[in-house]
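Participant: Here is how the chains run, residue by residue.
2 protein chains.
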Amino acid sequence: MTEDLESRYRGYLAALNDRRFDDLAHFVRDRLSYNGEPLTRAEYRDMIAADVAAIPDLFFDARLVVAHGDRVACRIVFECTPEAEFLGFTPNGARLTFAEHVFYRFEDGRIAEVSSLIDRAAIAAQLR
Amino acid sequence: MTEDLESRYRGYLAALNDRRFDDLAHFVRDRLSYNGEPLTRAEYRDMIAADVAAIPDLFFDARLVVAHGDRVACRIVFECTPEAEFLGFTPNGARLTFAEHVFYRFEDGRIAEVSSLIDRAAIAAQLR
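In order, the protein sequences belong to chains A and B. Position one of the first sequence corresponds to residue 12 (our numbering), numbered consecutively onward. Position one of the second sequence corresponds to residue 12 (our numbering), numbered consecutively onward.
Same shape as in the complex, but just chain A (with noise of 0.2 Å):
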């Protein structure tokens, strides 16, 4: 179950780097949690795209996945030239390297639930 979850996670950001979103429907429930904030699938997707829009090079690079149960907890880094207002942050052409740490949990196999926290000081330092 635990390598089964793991796969499971990697098949989801492999979608989000492959940039078919359709396919989180696999993925994602159709409500979930994020950093406590209810929402539907359809605005985690919104979400996402909007990041990809401001940085077209994104990639989800899963430095370190642990899986357990029905959680995961996965350090991605991001090496991407952000070429539009993200995350509040305005790029300024500079090729960027940060970390976002992780936690989902999920429920019938889809993400429930996520809570993230991303390395906003690292952004705001290269950015200086």
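Think of the hints as simulated: they come from the structure by calculation, not from any bench. Because the structure is a prediction, the values reported are computed rather than measured. Each residue gets a CB set at the ideal place from its N, CA and C atoms; glycine is no exception. Among these hints, one or two may not hold up.
As the list claims (entries may be wrong) - So these bits of chain A aren't anywhere near chain B, every CB distance computed over 12 Å: (1) Leu24; (2) Asn28; (3) Arg42; (4) Pro49; (5) Ala53; (6) Thr101.
Unchecked claim - Sample of chain A residues at the chain B side, in silico, Cβ under 10 Å: (7) Pro67; (8) Gly80; (9) Arg106; (10) Ala110; (11) Ala135.
What the hints assert, rightly or not - Which stretches of chain B does chain A cover? Using the computed rule of at least three CB atoms under 8 Å from a CB of chain A, they are: (12) 66-78; (13) 82-96; (14) 112-122.
Once you have looked at the hints, place chain B on chain A.
Facilitator: Quick look at chain B alone, frame taken from chain A:
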């Protein structure tokens, strides 16, 4: 093994919360990597002791723990009232709530590697 590692990790947090810093020898290797930097256990202990000196009511509240193989991931939520400068922030007497998302790799039952992300943006927003 996975259950063992989780309970071992919870023992480590209990030692921190009880301020039993001498017990860190049981939980942390002589040399470790902290966010990519090499540290001795003494330096790691000093770092945590400095946080506790600045934030006497610092309590490591593990809200999510995911353990598998030699890895542990944890979402820790701090609700505390810093009394002196910490993480480069100057406290204003206010009670703060912020999260840390942290990954550990264990070797022979002791922490060998830490990759930590603290929600500095939340701290900055609450101190504004």
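Participant: Tell me if chain A covers the region 66-78 of chain B under the three-residue, 8 Å CB rule, please?
Facilitator: Held - the region 66-78 of chain B has 3 residues with a Cβ nearer than 8 Å to chain A, which meets the minimum of three.
Participant: Just to be careful: measuring from the Cβ of Ala135/A to every Cβ in chain B, is the smallest value less than 10 Å?
Facilitator: holds, 8 Å
Participant: Tell me if the interface restraint on Ala110/A is satisfied: Cβ within less than 10 Å of some Cβ in chain B.
Facilitator: holds, 6 Å
Participant: If I take the minimum Cβ distance from Arg42/A to any residue of chain B, is it greater than 12 Å?
Facilitator: Nearest chain B Cβ is 20 Å from Arg42/A, so the label holds.
Participant: Classify the hint on Gly80/A as holds or violated, based on whether any CB of chain B lies nearer than 10 Å to its CB.
Facilitator: Since chain B brings a Cβ to about 8 Å from Gly80/A, closer than 10 Å, the hint holds.
Participant: Is the shortest C-beta separation between Pro67/A and chain B less than 10 Å?
Facilitator: violated, 25 Å
Participant: Given as covered by chain A, does the region 112-122 of chain B meet the bar of three residues or more with CB within less than 8 Å?
Facilitator: holds (count 3)
Participant: Measuring Cβ to Cβ, find out whether Leu24/A lies farther than 12 Å from everything in chain B.
Facilitator: Its Cβ never comes within 12 Å of chain B, the nearest being 16 Å, so this holds.
Participant: Is the Cβ of Thr101/A farther than 12 Å from every Cβ of chain B?
Facilitator: holds, 16 Å
Participant: Once the closest CB in chain B is found, is it more than 12 Å from Asn28/A?
Facilitator: holds, 21 Å
Participant: Identify whether the interface hint at Arg106/A stands, where standing means a beta carbon of chain B within less than 10 Å of its own.
Facilitator: With Cβ-Cβ at 19 Å, over 10 Å, it is violated.
Participant: Are at least 3 residues of the region 82-96 of chain B within less than 8 Å of chain A when you compare beta carbons?
Facilitator: It holds: at least three residues are needed, and the region 82-96 of chain B offers 4 whose Cβ sits within less than 8 Å of chain A.
When each numbered hint is compared with the structure, violations occur for hints 7, 9.
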